[in-house]
Every structure is written in structure tokens, then in C-alpha cells.
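Student: Protein sequence lines correspond, in order, to chains A and B. Here the first sequence stands for residues 1 to 405, where the numbers follow the numbering used here. Here the second sequence stands for residues 1 to 381, where the numbers follow the numbering used here.
Take the hints with a grain of salt, since some may be wrong.
[Claimed, not checked] One-sided excerpt, in silico: chain A residues whose CB lies under 8 Å from chain B:
#1 Ile325
#2 Glu329
#3 Asp391
#4 Leu394
Treat the hints as calculated values from the structure; they're not laboratory data. The structure presented is a predicted model; accordingly, all values stated were derived computationally and were not measured. Using N, Cα and C, we set each Cβ at its ideal position, and we do this for glycine too.
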Amino acid sequence: MEYSEIMVRYGELSTKGKNKKDFIKQLGQNVRKALSTFDDIEVKAQHDRLHVTLNGADSDAVMNRLKGVFGIENFSPSVKVEKDIDQIKETAVAMVKEAFKPGMTFKINTRRQDKEFQYDTYQMNEILGSTILENVPGLTVQMKHPDLELRVEVRMNGVFLSGETIQGAGGLPVGTGGKAVMMLSGGIDSPVASYYALRRGVKIDMIHFYSPPYTSEQALAKAKELTARLAGYSGGIQFIQVPFAKIQETIKEKVPEGYLMTVQRRMMLRLTAAIAEMRHAKGIFNGESLGQVASQTLESMAAINDVTSMPILRPLLSMDKTEIIKVAEDIDTYDLSILPYEDCCTIFTPPAPKTHPSLEKSRKYEGYIDVDGLMKEALDGIVISDIRPGDNYLNQNEDVFAELL
Amino acid sequence: MIYFDNSATTKAAPEVVDTYAKVSANYWGNPSSLHKFGEQAFNLLEQSRQQIADLVGAKLSEILFTSGGTEGDNWAIKGTAMAKREFGNHLITTEVEHPAVHNSMEQLKREGFDVTYLPVDEHGRVSADDLRAAIKPSTILVSTMAVNNEIGAVQPLDEIAAVMRDFPRIHWHIDAVQGIGKGLADKIFNDRVDFVTFSGHKFHAPRGIGFMYKRQGRKIAPLMAGGGQERNLRSGTENLPAIAAMAKALRLLLTDEAAKVQRQREIRLAILHHVETFPNVTIFSKDLPYFAPHILCFAIAGVRGETIVHAFEEHDIFISTTSACSSKKHVESSTLQAMKVDDGIATSAVRISLDEHNTMAEAEKFNQVFDELYTQFAKLN
Numbered sequence: 001m002e003y004s005e006i007m008v009r010y011g012e013l014s015t016k017g018k019n020k021k022d023f024i025k026q027l028g029q030n031v032r033k034a035l036s037t038f039d040d041i042e043v044k045a046q047h048d049r050l051h052v053t054l055n056g057a058d059s060d061a062v063m064n065r066l067k068g069v070f071g072i073e074n075f076s077p078s079v080k081v082e083k084d085i086d087q088i089k090e091t092a093v094a095m096v097k098e099a100f101k102p103g104m105t106f107k108i109n110t111r112r113q114d115k116e117f118q119y120d121t122y123q124m125n126e127i128l129g130s131t132i133l134e135n136v137p138g139l140t141v142q143m144k145h146p147d148l149e150l151r152v153e154v155r156m157n158g159v160f161l162s163g164e165t166i167q168g169a170g171g172l173p174v175g176t177g178g179k180a181v182m183m184l185s186g187g188i189d190s191p192v193a194s195y196y197a198l199r200r201g202v203k204i205d206m207i208h209f210y211s212p213p214y215t216s217e218q219a220l221a222k223a224k225e226l227t228a229r230l231a232g233y234s235g236g237i238q239f240i241q242v243p244f245a246k247i248q249e250t251i252k253e254k255v256p257e258g259y260l261m262t263v264q265r266r267m268m269l270r271l272t273a274a275i276a277e278m279r280h281a282k283g284i285f286n287g288e289s290l291g292q293v294a295s296q297t298l299e300s301m302a303a304i305n306d307v308t309s310m311p312i313l314r315p316l317l318s319m320d321k322t323e324i325i326k327v328a329e330d331i332d333t334y335d336l337s338i339l340p341y342e343d344c345c346t347i348f349t350p351p352a353p354k355t356h357p358s359l360e361k362s363r364k365y366e367g368y369i370d371v372d373g374l375m376k377e378a379l380d381g382i383v384i385s386d387i388r389p390g391d392n393y394l395n396q397n398e399d400v401f402a403e404l405l
Numbered sequence: 001m002i003y004f005d006n007s008a009t010t011k012a013a014p015e016v017v018d019t020y021a022k023v024s025a026n027y028w029g030n031p032s033s034l035h036k037f038g039e040q041a042f043n044l045l046e047q048s049r050q051q052i053a054d055l056v057g058a059k060l061s062e063i064l065f066t067s068g069g070t071e072g073d074n075w076a077i078k079g080t081a082m083a084k085r086e087f088g089n090h091l092i093t094t095e096v097e098h099p100a101v102h103n104s105m106e107q108l109k110r111e112g113f114d115v116t117y118l119p120v121d122e123h124g125r126v127s128a129d130d131l132r133a134a135i136k137p138s139t140i141l142v143s144t145m146a147v148n149n150e151i152g153a154v155q156p157l158d159e160i161a162a163v164m165r166d167f168p169r170i171h172w173h174i175d176a177v178q179g180i181g182k183g184l185a186d187k188i189f190n191d192r193v194d195f196v197t198f199s200g201h202k203f204h205a206p207r208g209i210g211f212m213y214k215r216q217g218r219k220i221a222p223l224m225a226g227g228g229q230e231r232n233l234r235s236g237t238e239n240l241p242a243i244a245a246m247a248k249a250l251r252l253l254l255t256d257e258a259a260k261v262q263r264q265r266e267i268r269l270a271i272l273h274h275v276e277t278f279p280n281v282t283i284f285s286k287d288l289p290y291f292a293p294h295i296l297c298f299a300i301a302g303v304r305g306e307t308i309v310h311a312f313e314e315h316d317i318f319i320s321t322t323s324a325c326s327s328k329k330h331v332e333s334s335t336l337q338a339m340k341v342d343d344g345i346a347t348s349a350v351r352i353s354l355d356e357h358n359t360m361a362e363a364e365k366f367n368q369v370f371d372e373l374y375t376q377f378a379k380l381n
């Protein structure tokens, strides 16, 4: 079926009162950004719907992109025809035939904006229903939960038919929820937490701790590749790599083994908070899930959280690992996350980290190192890169391989 | 030479052999190694997987490499039986499956599993109603082929999918070894199927490589335990040259698929409509929409299948008795038997199977030779 437009329905924003205008404007921008590689399409964000006029663009490709834009409840590919009952009938029959499966039930749902049109909604339902029943044997009408609901909208500029409603990503448009930083390790959890942050409309900068030679170039490339994948939800993400090897070495030298991990985490959080402030971000997201590892017990969180008053947001806090993995698979980050490159969290891990560290001791042992000096040095060494959706960091041979394949 | 035995195997494409050689020479690292040779090999492995996933409309993680169709079928069936044993011990398949499925089922039967074989009609197809009736609370797997390898019947996959949608917990496996590149992708990759198995050498890739589509979230036990390759589901160092070659072969196969399928269909019908005019000929692969475009099975009464095969071979035309796997074993076709075809006529069956490189001129040549041979055979009787 050659579709003429995709009709997009808004999610939660329809309930957001006076912010609604900003939300719609932001969503319009995000949709335009997501579809920027298609030349001829037009995006019109109206108060109740957003319309993407395809002008010949590949509808499947456009819909695939729309699936990754937050703030969209669902969307329907539609065919536009003239306000001529024969044309409407013909298209309706063709659409139903295409979707037909034996034993299917259907109903027609007409909405009429153009009150001048010669048939009212009741008549339209009747006419199209009987035409379809005559032309597509094996169908039955069912008003409640039909397999196929053919929506017909009579608008001022034509009649739009759609038979399919595709679930959107939900959430809020990225950019409407302010800005935060995200602590991205490269494991399974932090990309999922990033996804949830973006889904609530928050724009994020990624912060990644990089410890050469203890962690490899590949681990860095993997974190960037994950960012490129998540950038699909927001159009682009800034990636901030923070040198961390010297801090880890110093902590290893000066701090008792049981508190290595806690003090390292405190330093990471200090650096993250400092960068967040520099970049006017209002919060810190991470992928912590309560009780998952030693650093994620309530006592550990208290001992680590101590270094900043900035809100730390933990979207995965109460999720089970299996649930997190399921989301990671759905958002296509799982495969990358399980690549076996050491990250800075797995290196310098003591054999028995304290699962119940004391806040006082954490503070005391941290006093053994030059916190301010080490922080300054690390902050002076940060490298910032702009990551776009689909950027490639892990496979530098992609083009060479494409020739082979 | 006219090669009409593409369901037995296909000739590896030169471009594919080229990829095989280059990968063997240049990317010989073990994809599991941490150094750069390993990394390159790993990247090529995943890029090949991604290409195959894109071509069949799956996700990267849903494509798993195997050694071919037989392994894929064994894995889908036994892997399900092992993973879901606690939920039941009943398996359903059809009477016309390839031996890789049939004998896996028989093996499980000896292990105490309960197997139902669905009967087929005179065209070799099962009915969705029979399937529905066969399903029990203990059913854990339904395995149906897409295209029958002996006569080319396409199973009613849409109807089967409709039944299976009512039983979302039962695994559904489709053996699609004969179905790839034949215009059936929509039917095979329907919204319900859980496992689909393929063999590389049926579409111009090298021998010893294949792949399985596994729907995300479905559980299957590994048959190969070891180093944890293929997401811990199929251990063994990856056969990277063959995998890359298969990714390429699949891309070539699916380029202009519709036109290629149409041409095979026309060639098949040109032969079908010619040979059916002879009184001693029985056609098993009818001119009906649910027969695959590339397989034609027919019998000449009173002449043994292998006699027909050798007679054509003298004219440099290569066809087969009903299936390569059984063609040297002197057993009559199991598909024809299931269709209740008389044994006398079943032993006279031969199969023509096409690929996208066959031409109408070859069909005309075949028909011409057929006329000659038919006259000779008639003298024998």
C-alpha cells in the first residue's frame, strides 16, 4: 500500500495544560530531526495531531524512525483520497484485502471534520461496511475489539483512511524535561537507565570514566557505540570521557582494601557532580539497582551519595536484572553491553568489597588522598565528543567488510 | 549442461567463493580473541549477522549460526524438548517432513516424548483444523516445513499461524530450507513463528553453514556445549569464512527476488504443461498457487525414477529422484506415501528443482529431450 501520510497521536502531553504548546513544538522539532535524512517530507505539528506528509518517501523507513521518538503515543499510516465516495470505497476495500486473514473481524470508524461532506459518519460507516462485506468474503463485523479497525477521517483537504495503529515509544519529547548527566559505564544497566531518562524527556550528557591502560580502547569505543545507539532517541548526545586511572592508582595505594570501591565511587560521583554543574545540568542519572552489587546496597548508596546534594536519579532502582535485560534487548543495547571489555568498574575491584560501608570511615579514608588536586587534574583532562545516531566506533572496517559481504 | 537439481544443492556463486577465500586469508583470527585479529574477526562476524538479520527482517540477536539445515532442525526440536520438558512432552509435526525433522522426532519418541504426525491431503498439505485438534495441554512444539522438498507444496502457513496465535506458549518451528528466496518471506516470517531454520548451500553459499532465526525471548537449550559462542547457545569456533560467504549469498539471492521467482515459476509451468499432456505422466506438483515456484515432481508410469534420472543424464540434464537424501537408498518417497500415492507410481517419481539461473531455453531443451525419452520408454512397456 502506498501511503500518503503518517498521522501521529500525542502521548501524555495532551494532559499537560499550559505546557502543551512547548511540548508540541519540541516534539515537532524532534520529529523533524529524526526524519532529517528524508528530503521531501513535511511535518506539521497541530494542537491535536502531528501529520507527516510523505510525498513519496518510504513509509516503512519513516515509521521505523518514528518508533524511536518519545512523546508519541501511536501513529497510523494513512492513504489520502479525494472526497469521492467511489474512490473512498475502492481504497477501503484494497486496504482491508491487504490486511485480511481468515476469520478476521472488523469495524469502520469515521470521523468527520468537514461537516459539508455529503454523508455523515453514520452513513459512511454503513456504506463502507457493506461495501467491504460484499467484496471481502470471510469477514465479519464486530464493534468491540475488532481485529481490524478501519479509520476514515473526512478532513477539509481530503479523506484519510488508515487500517493500522502502531504503538509509539510513549514518554515525553526529549528536551522538555530539562538536562542531566548520565553515568555510563558500558554495562547492561546504564544504557537502559539512559533510555528511561530520555523517555521522560530529559536531555542527557554521557559521562564515562576511562582508565587506560587498565581499560582498553575497545571499552571506550563500546561506550561511544552505545551512546550512538541511544542518540537515536534524541538526535545527538555529548559524550564526556573522564581520565580516571591516576585516581584509581592513588586510591589503591592509600585506601584500605575494603573501602577501595566506596572511595572510588565517591570520587566518580564528585567528578560527575562537578561536570554537571559546569554544564548547567540539574541532576545525575545512573544505572543503579538496589542490592544488585556491593556498591548498590542502601548503605553503599548513603556512603557514596554523601559527596553531593545534587539529585541522583536511579530509574532502575527497583527493577530485577531479568527485567533490565529484557529492556536492553528491546532497545538493542544488550548485544553491545555484553561485549567482554573490562570497564573501569570491574578493574581494581577488591575481592571482598564492603557491602555495608560506614559513612564515617568512607569520609576518613577519602581524607588519605588529595581529593581536590586529583579532581582538578581529571577535570583538566576530559575529552568531549559529539555523537550522532548511527556513528560507528567499534567496527572501523565496516566499509571494507561491506565490500566483502 | 542443464542443472535442475537445486533442491539437492546449488553451485556456490563465484562472488561467494571469492568472499570465502578472502576471509580465510585475511580475517583468520578467532572472534573470541581479545587482540586485534580477534576483534576484526568478531566485527566481521557481527556485520555478517546484521546483514542477514536486515535481509530477513529480524533483529541482530535473533540470528544464530549453525552448520546447516540438519543441525538447525535438530536444534529447534531437541533444544525445545530439553528447554520445555517440564511444561509437557507432546510434539506435533507433519507426515511429510524432511528426515532431519522426522528422525529427530523419532529419536525423542524413543526418549519418551509423545509425537503426533499430522496427515496431509492429496497435495501434501496439512490442515489447520487437524493441527488445532491435535494440540493438547502438554504440547510444547509444532514443527512444520515451509516448502516440501520432494513436491514443492507450500504448507498453509497463514492458517497455521492463526491457530498458533491462540497458543502463544507453544514453540513453532518452520523448516524453511527449501523456502528461502522463493517469494515466501511474508508467510515464513509471520508474526507468530519462533524458530526458522535455513541451510546455506541451498542458496549458493558453501556447504557446512546455515542459520536459525530465533524469536527474541524464546528459550532453547543448546545442543553444543562448550566455549559459549553464539550467545551461549551454540558453542564452537565460528566458521567465519562460510558465515561471511553466506551473508553475501543471501544478499545476492534476495536482490530482485520477485523477478527471479516469476522466471522460475514460468519455467516450471512450461515443463509442467508440456509433460502433463502425455498419458503416462502423473503430476504431483500441481499448477496451483500453493506450490513453490521451483519444484516440479512427476512420474512416468512403468519407468523407475532412477532410470529416468540416468536417461536424462545421458543428455547432460541433471534431475533427481524425489529427494537427494533418500535417492541412493531405494526407499520410495515418504511425501508421496503420505499423500497415499500408489507405491507403483511413487517409485517412478522424479523431481526437477530450479534456481534463479535456469532459463526458458533450458526448459525447452528439457521438453525436447523428454519427448524423445518418453517414446523410448513407451517401447519398453
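Student: Now tell me if each hint is right for this structure.
Tutor: We went through each hint and held it up to the structure:
no.: 1; hint: Ile325; result: violated (10 Å)
no.: 2; hint: Glu329; result: holds (6 Å)
no.: 3; hint: Asp391; result: violated (15 Å)
no.: 4; hint: Leu394; result: holds (7 Å)
Violated hints, in rising order: 1 and 3; the structure is consistent with all others.
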